[in-house]
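Peer 1: Now for the letters of each chain:
There are 4 protein chains.
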Amino acid sequence: MTEKKSIAMAGLTKGRVETLTDSVFAIAMTLMVFNLRVPEVPAGSVGWELSRKLIGMWHEFTIYAISFVVLGIYWIGHHNHFHWIRKTDRKSLWINLAFLFAVTLIPFSTILVGRYPEQRDAIIFYGVNLALVGLLLYVHLLYATGPAGLVDPAMHPQVIRLAKKLILTGPAACLVAIIVAFFHPRVATLLYLLVPLFYVFLPGVDRRISRYARTED
Amino acid sequence: MTEKKSIAMAGLTKGRVETLTDSVFAIAMTLMVFNLRVPEVPAGSVGWELSRKLIGMWHEFTIYAISFVVLGIYWIGHHNHFHWIRKTDRKSLWINLAFLFAVTLIPFSTILVGRYPEQRDAIIFYGVNLALVGLLLYVHLLYATGPAGLVDPAMHPQVIRLAKKLILTGPAACLVAIIVAFFHPRVATLLYLLVPLFYVFLPGVDRRISRYARTED
Amino acid sequence: MTEKKSIAMAGLTKGRVETLTDSVFAIAMTLMVFNLRVPEVPAGSVGWELSRKLIGMWHEFTIYAISFVVLGIYWIGHHNHFHWIRKTDRKSLWINLAFLFAVTLIPFSTILVGRYPEQRDAIIFYGVNLALVGLLLYVHLLYATGPAGLVDPAMHPQVIRLAKKLILTGPAACLVAIIVAFFHPRVATLLYLLVPLFYVFLPGVDRRISRYARTED
Amino acid sequence: MTEKKSIAMAGLTKGRVETLTDSVFAIAMTLMVFNLRVPEVPAGSVGWELSRKLIGMWHEFTIYAISFVVLGIYWIGHHNHFHWIRKTDRKSLWINLAFLFAVTLIPFSTILVGRYPEQRDAIIFYGVNLALVGLLLYVHLLYATGPAGLVDPAMHPQVIRLAKKLILTGPAACLVAIIVAFFHPRVATLLYLLVPLFYVFLPGVDRRISRYARTED
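Residue numbers (the working numbering), protein chains in the order written: chain A, 475 to 691; chain B, 475 to 691; chain C, 475 to 691; chain D, 475 to 691.
Be aware that a few hints might be false.
One copy or two, either will do: identical chains are not told apart, so a pair holds if it fits within one copy or between any two.
[Said to hold, decoys possible] No more than 27 angstroms apart at the CA atoms, straight line, and that leaves these computed lysine-lysine pairs for DSSO-like: (1) 638 / 488; (2) 565 / 527; (3) 639 / 527; (4) 488 / 527; (5) 638 / 565; (6) 638 / 527; (7) 561 / 527.
Hints in this document: simulated from the structure, not taken from any laboratory.
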């Protein structure tokens, strides 16, 4: 009866939440490229004129790549988290929508910091945006694994603890970058570059998760 | 045989209607952010110049957030409604497409009211758009739960009545806001802000729905 | 073994073709609205200045609505057709991609005819685009129901015949509109308006299809 | 236990990877058309003025069509490849995201080469972009069929070998086009046109794949 009741209560399965989320991520990822403006060169220009201009855009390409990787991190995070979700309710949906709202702001922040790479304010805005995305995913994890009980009961407490730590690393690093931005804007930008690398090459995380899964058998 | 006949008649399952709807919502939600133009500051500007300009955009951020929440409300409404849908037919598809058409106009209305926040005409246009979205979802609910019989027969009459009331609250509030806009544009804008809050913190709705579900067992 | 062989041959189920198609339609439908430019009025303008400008855009709204409905027609057509599809092969995928290519051109044609509503050339371009979409869907139907045998063998020959006639009506009407455009551009525009209406209120089609389905039982 | 462990390790099924990929492709395919700017003609222009301007855009239409077909090739390639995928892990997801990143750059490259069709630099940039997409798909195939063992064990070694050869043809052709671009930019453009044709009319590939499938039975 439990499942029937939960369906009657919310009437929402996780399938559509995932489709909406995947689409929002896909659009945010793809549309940032439309802010890369094709450089202008005179019609009859010869030599490496156009290449020079394209290389001159390296900063915009880099910030685009970073934002893409950041979106990738949070998409994987959302995917990992929702793998354990069994049902949804109204509150869970609104937390997820707030998370998506913060995600849709990333292209704006990216363009902002892409245009003003050395302005402290832009770097802080970018950091606050990224931190917000991470915090909202954290809030959803907290809510779903809490009394609402939306996750699979088989989810090992150690896996939950690890997931929480993993998700909080992002906002924590952003906080550091924001503080650093007051003194050394360039160093802060570097930090944004390091965080993605940390996530991509997550040292041993999957091994630890699989250890808990093994002991569980 | 009933199901086989219905499939032969319409040849349409609800899966693709949901995918189309989710995608349209995802695009409308994500693309509004591309109308937030990055502010212009002189290259060598110092202090909080950029921050001041960003804070000066508070009105555009607010209206974006409202529209996002409104889209969220109707997405959840559509999701809740389609949870009960068992089959579709040609009329149902066209009502849903009309609903999606009104949804795609929301980014336009949002930009309009974002640029002319104090203009009565913009506030009315926005209200008419939002009311239209709600009314078309209501029309679909009316049609699906009516003689066409597209919903699960297990859907409790009280749940249907509650869903109808819930969906009509939005257009009703928009009507009030439109009337108020003739006299106090600013108050009307405030009303648009209150309606989302009402939906997000729906007082006790899920509890009442679950009560009917329980008595049903 | 037949199914296993077909999977080995193409390695493609219809699920992803449908997702790609639904997404392309959703984007084309939603993005056309971003070409509706918010009208410019002086900051302190009073009275119905903004409303007058919005009403002055009626032509753009109309052409947007028509294109939306046309996309809706072909989406429903694609949906109805793919309901019967059991497997895909490389040729089928490329016909479908050509169909999607023509679909992605509709926003361009719509903007073109929206800006030059009385120009014969724009009206012809629009008609050729719409006709192309319909013809490519027809080609896919022809291929899938032909020797390739991609549809469910239970699909009644009468349903196939009816589907073919239905799909060809669109391109046929476009051909008439294109010819008329040489003499009376305005009348041609009217024709584009009538075709969608014909499809939306398809007289008795579902009844006839269900009749064949019934005799089939 | 193997499957359970793999779920615990990655927590990721292939469904959402496919949805994300399909959406990114749909957006990239659809949005390129928004760079086709509607030509400007005087309000009262008569004759074939508008048609002449539209025909004058043939180059932009051609490059759009080529990019669309190229995206279609890689979408089909990805689809064929993922048909055999049974599970995913973190590394596989990041290779796929890198692949998608290269895909999102195609609209930019397309606009670039559409505006500077005779500039060597633009032609090289376009070629490098296309080659990158192909190479990253190749890397994923290599990884998934390698020690990670993400593909169905029933995938015949000959099918793997054929798939690898097929995917590498694209980057190889791009390399040739890039070299040619240094001497004859126009010939290089022609090469980009030939590669898609080769893929669309893949001579006998499906027949060979099905042969291996048959011997397998």
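Peer 1: Checking each numbered hint in turn, tell me which of them this model violates, lowest number first.
Peer 2: 2, 3, 4, 6 and 7
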